[in-house]
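K.L.:
Line by line, the protein sequences give chains C and S. First residue of the first sequence? That's 1 in the numbering used here, and the numbers climb one at a time after it. First residue of the second sequence? That's 1 in the numbering used here, and the numbers climb one at a time after it.
Calculated directly from the structure, the hints in this document are not laboratory data. Hints are supplied without guarantee of correctness; some may be wrong.
Pairs involving identical chains hold if they fit within one copy or between any two copies, as the list cannot separate such chains.
Claimed, not checked - Under the rule of at most 25 Å between Cα atoms (straight-line distance), these lysine-lysine pairs were calculated in the BS3-like manner:
1. Lys-52 / Lys-376
2. Lys-57 / Lys-194
3. Lys-7 / Lys-114
4. Lys-157 / Lys-250
5. Lys-382 / Lys-52
6. Lys-57 / Lys-337
7. Lys-7 / Lys-52
8. Lys-194 / Lys-346
9. Lys-79 / Lys-390
10. Lys-395 / Lys-376
11. Lys-395 / Lys-382
12. Lys-156 / Lys-194
13. Lys-250 / Lys-7
14. Lys-379 / Lys-337
15. Lys-7 / Lys-379
Protein chains: 2
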Amino acid sequence: MSFDFSKRYDGITGSAIRNIFSLLGDPMIISFAGGNPSPDTFPGEVLSEMAKDILKKDSGTILQYGGTYGRQSFLDVLKELFTEENAVPQDGEVISLTGSSQGIDLMTKAFIEKGDTILTESPTFLGALQTFRLFEADIVGVEMDDLGMVIDDLEKKIIRYRPKFVYTIPTFQNPTGLTMPASRKKEMVEVCRKYGVLILEDDPYAFLRYSGRAEPTIKSFDDGDTVVRLFSFSKIISPGLRVGGAFGNKEIIFKFNLGKQGQDVHTANLNQEMVARYYREGYLYPHIGEINDYYRGKAALMYETAMRYMPEGTRVIRPEGGMFLWAELPEQLNATKLFSEAVRNKVAYVPGTHFYPDGGHHNTLRLNFTMVSEEKIEKGMKVLGEMFKKQIADK
Amino acid sequence: MSFDFSKRYDGITGSAIRNIFSLLGDPMIISFAGGNPSPDTFPGEVLSEMAKDILKKDSGTILQYGGTYGRQSFLDVLKELFTEENAVPQDGEVISLTGSSQGIDLMTKAFIEKGDTILTESPTFLGALQTFRLFEADIVGVEMDDLGMVIDDLEKKIIRYRPKFVYTIPTFQNPTGLTMPASRKKEMVEVCRKYGVLILEDDPYAFLRYSGRAEPTIKSFDDGDTVVRLFSFSKIISPGLRVGGAFGNKEIIFKFNLGKQGQDVHTANLNQEMVARYYREGYLYPHIGEINDYYRGKAALMYETAMRYMPEGTRVIRPEGGMFLWAELPEQLNATKLFSEAVRNKVAYVPGTHFYPDGGHHNTLRLNFTMVSEEKIEKGMKVLGEMFKKQIADK
Numbered sequence: 001m002s003f004d005f006s007k008r009y010d011g012i013t014g015s016a017i018r019n020i021f022s023l024l025g026d027p028m029i030i031s032f033a034g035g036n037p038s039p040d041t042f043p044g045e046v047l048s049e050m051a052k053d054i055l056k057k058d059s060g061t062i063l064q065y066g067g068t069y070g071r072q073s074f075l076d077v078l079k080e081l082f083t084e085e086n087a088v089p090q091d092g093e094v095i096s097l098t099g100s101s102q103g104i105d106l107m108t109k110a111f112i113e114k115g116d117t118i119l120t121e122s123p124t125f126l127g128a129l130q131t132f133r134l135f136e137a138d139i140v141g142v143e144m145d146d147l148g149m150v151i152d153d154l155e156k157k158i159i160r161y162r163p164k165f166v167y168t169i170p171t172f173q174n175p176t177g178l179t180m181p182a183s184r185k186k187e188m189v190e191v192c193r194k195y196g197v198l199i200l201e202d203d204p205y206a207f208l209r210y211s212g213r214a215e216p217t218i219k220s221f222d223d224g225d226t227v228v229r230l231f232s233f234s235k236i237i238s239p240g241l242r243v244g245g246a247f248g249n250k251e252i253i254f255k256f257n258l259g260k261q262g263q264d265v266h267t268a269n270l271n272q273e274m275v276a277r278y279y280r281e282g283y284l285y286p287h288i289g290e291i292n293d294y295y296r297g298k299a300a301l302m303y304e305t306a307m308r309y310m311p312e313g314t315r316v317i318r319p320e321g322g323m324f325l326w327a328e329l330p331e332q333l334n335a336t337k338l339f340s341e342a343v344r345n346k347v348a349y350v351p352g353t354h355f356y357p358d359g360g361h362h363n364t365l366r367l368n369f370t371m372v373s374e375e376k377i378e379k380g381m382k383v384l385g386e387m388f389k390k391q392i393a394d395k
Numbered sequence: 001m002s003f004d005f006s007k008r009y010d011g012i013t014g015s016a017i018r019n020i021f022s023l024l025g026d027p028m029i030i031s032f033a034g035g036n037p038s039p040d041t042f043p044g045e046v047l048s049e050m051a052k053d054i055l056k057k058d059s060g061t062i063l064q065y066g067g068t069y070g071r072q073s074f075l076d077v078l079k080e081l082f083t084e085e086n087a088v089p090q091d092g093e094v095i096s097l098t099g100s101s102q103g104i105d106l107m108t109k110a111f112i113e114k115g116d117t118i119l120t121e122s123p124t125f126l127g128a129l130q131t132f133r134l135f136e137a138d139i140v141g142v143e144m145d146d147l148g149m150v151i152d153d154l155e156k157k158i159i160r161y162r163p164k165f166v167y168t169i170p171t172f173q174n175p176t177g178l179t180m181p182a183s184r185k186k187e188m189v190e191v192c193r194k195y196g197v198l199i200l201e202d203d204p205y206a207f208l209r210y211s212g213r214a215e216p217t218i219k220s221f222d223d224g225d226t227v228v229r230l231f232s233f234s235k236i237i238s239p240g241l242r243v244g245g246a247f248g249n250k251e252i253i254f255k256f257n258l259g260k261q262g263q264d265v266h267t268a269n270l271n272q273e274m275v276a277r278y279y280r281e282g283y284l285y286p287h288i289g290e291i292n293d294y295y296r297g298k299a300a301l302m303y304e305t306a307m308r309y310m311p312e313g314t315r316v317i318r319p320e321g322g323m324f325l326w327a328e329l330p331e332q333l334n335a336t337k338l339f340s341e342a343v344r345n346k347v348a349y350v351p352g353t354h355f356y357p358d359g360g361h362h363n364t365l366r367l368n369f370t371m372v373s374e375e376k377i378e379k380g381m382k383v384l385g386e387m388f389k390k391q392i393a394d395k
């Protein structure tokens, strides 16, 4: 039988990256292709005792259906975590999510009809691109400089494409690692407000800061209507628990609530409660400190080895935080084509082309350092650097 | 700021029933309006120890990202639970879900364009209606008799509306409590195959059987392509854990996988593993026996009190299982209008009109017995019966 699938799936194969991730299973391969936090950072012992205790004391509500917005104990924590000067969430403005990716889906569901435009950084998060494509949106990339989206280009594209919203990852962006400073965030809100365009601020890496100081969020420059901000616990507690949250205008969050009802009714209560307790009992901030201590050396080493081994003319962004090093090789190198040779040499990365709404940019690649030992970073970067240099010499 | 929400939300307010559920919080009200399992049936102690042990022994994979299809240990359990004569799931034919409601969403996402038709029982599950509406489907109800969908009407409507799929709850249907016998299921598959129409078999109540014998599923009459079957652990272990599964043709399940990636990436690992262990360690079937012992008397009492107190001419379906008693009052009574008077009398139910794709049927109501003590069933049914009788006398 051949199935008459809906058109939203046309061209969505999910395969570009899946083939790459399937290589992660081979223990002989040094994989810089991942995007996972290191399991060494997972607070298994603490969460184990908490899960037991929560289910022992409160199974009547934990195992029962919960509200779609979320458990009050968790919503209270979300509110505290979202609170900044000029950004204090009120009742009805926050909602629990089954991972912050769900917020990308719910925002798109709330606003996008087939053919509507979404502006994104170019390059940007693959999962967001796939979600936007499933809603048959037109995705238009905005130029970036070292401080994130270029505001002139953003304004030009707002005027030209009349987008419904702008999707941005302001801190330690995936895949580039770039961070938008407060001044740029403020400008972004101003230009979006001017044209009545919403902003989806996806900020899962903000706490993974290895140097420098945290900046106010985009949401903190909002008037309350323009910015929807997502929060993720995946990088700072555990991705496997699938817990995140969103903060935005009450009407928008109500649409999130309606859209979420059909998807999963609510985020699992046990998972919300574990995260809430982890925060309430004072574990979260010290734990973030430990994670950052664990990643700081890896990030520095990956940058250093990139500088040491990559061919002359390579542009590398020094990661102040997050999980990735982004590299732009000399124009004549094609990281997409060279991927299979890299794998033959037992090193994997993600070719940068996949992160661009329109493809191209075959001289770019994303390298993850959180899942790899320092010894393997040293070794793998050397192999890659030599391979790229040999390509140039052979031409 | 007024927001330009997508058209899929037009007319979706989520309020019809929410107002009713908000009454459940009032301890003075005897509520037959719920749809929750009784917390008395939750295996809190066992799950508490399991959660602790799972996180202690395997936090490295439990707290890490998982695959979208699901954890192998859980998929193996799903396969066993789906297995019947003529229905043996192969690799790629099952997927984990964050509650089986997610399967309704993913099926709709996979097949429905705006304006496509879905056939449903009339009345049917409210959550399904809302999901179908969010995808802008046309919903057409199929007539029911005491054995479920009337096949002649089903065939007539397939020819007339060319639906993409038929949504059915074959066992202890929500809201009617009706069960489709094997012969009817077979006919349903035959007529759907004849016209190339898919079936979504949503069967969350199948294990809640208080008398009689389990029948083969619709899926067991399938050739492998026509039927997608959903499995839910919400009624037999816990709804708060949000764990379910789907079984269908590999291509369809692959579309579920793609659609799920953007929604929640994967179902939380801890939750999958708890359910898998609960089954593997032999707790599930004895627990189902206990649940059924707990509900059996309530179901019988609700039927008996309905027969005793409801006005002459009321049609009541005796529940052989599930969670609901369905009542059709004499035509001159309007259960929708009388709802507020019932609440003044401190008893709540769900007016049946909400379950019909086209509304109407104001003489119907759904009564839940799983959450109410036998004393309150006796008292509440008496109050309702007297109120309805008084209405007739006053006319």
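K.L.:
Decide, hint by hint, whether the structure agrees.
P.N.:
Hint check results:
1. For a Cα distance limit of 25 Å, the shortest separation of Lys-52 from Lys-376 qualifies neither inside one copy, at 37 Å, nor across copies, at 33 Å.
2. Taking the shortest Cα distances, Lys-57 and Lys-194 never come within 25 Å of each other, neither inside one copy (51 Å) nor across copies (54 Å).
3. With identical chains, the CA atoms of Lys-7 and Lys-114 are at most 25 Å apart both within one copy (10 Å) and between copies (11 Å).
4. When the C-alpha separation of Lys-157 and Lys-250 is checked against a cutoff of 25 Å, the pair qualifies neither within a copy, at 28 Å, nor between copies, at 41 Å.
5. Taking the closest pair of Cα atoms, Lys-382 and Lys-52 never come within 25 Å of each other, the shortest separation being 46 Å inside a single copy and 42 Å across copies.
6. Within a single copy, Lys-57 and Lys-337 get their C-alpha atoms no closer than 56 Å, and across copies no closer than 41 Å, so neither meets the 25 Å cut-off.
7. Proximity of Lys-7 to Lys-52 under the C-alpha cut-off of 25 Å is found in neither arrangement, the shortest distances being 45 Å within a copy and 44 Å between copies.
8. In the homo-oligomer, the alpha carbons of Lys-194 and Lys-346 never lie at most 25 Å apart, since the shortest distance is 50 Å inside one protomer and 52 Å across protomers.
9. For the identical chains of this complex, Lys-79 and Lys-390 are neighbours neither inside a copy (53 Å) nor across copies (50 Å), given an alpha-carbon limit of 25 Å.
10. Taking identical chains as interchangeable, the C-alpha atoms of Lys-395 and Lys-376 are never at most 25 Å apart, the minima being 29 Å within one chain and 85 Å between chains.
11. Only within a single protomer do Lys-395 and Lys-382 lie at most 25 Å apart by alpha-carbon distance; the minimum there is 20 Å, versus 90 Å between protomers.
12. With identical chains, the CA atoms of Lys-156 and Lys-194 are at most 25 Å apart within one copy only, with a shortest distance of 13 Å there and 54 Å across copies.
13. Taking the closest pair of Cα atoms, Lys-250 and Lys-7 come within 25 Å of each other only across two copies (19 Å); inside a single copy the shortest separation is 32 Å, beyond that limit.
14. Proximity of Lys-379 to Lys-337 under the C-alpha cut-off of 25 Å is restricted to the intra-copy arrangement: shortest distance 22 Å within a copy versus 75 Å between copies.
15. In this assembly of identical chains, the alpha carbons of Lys-7 and Lys-379 never lie at most 25 Å apart, being 45 Å within a copy and 53 Å across copies at closest.
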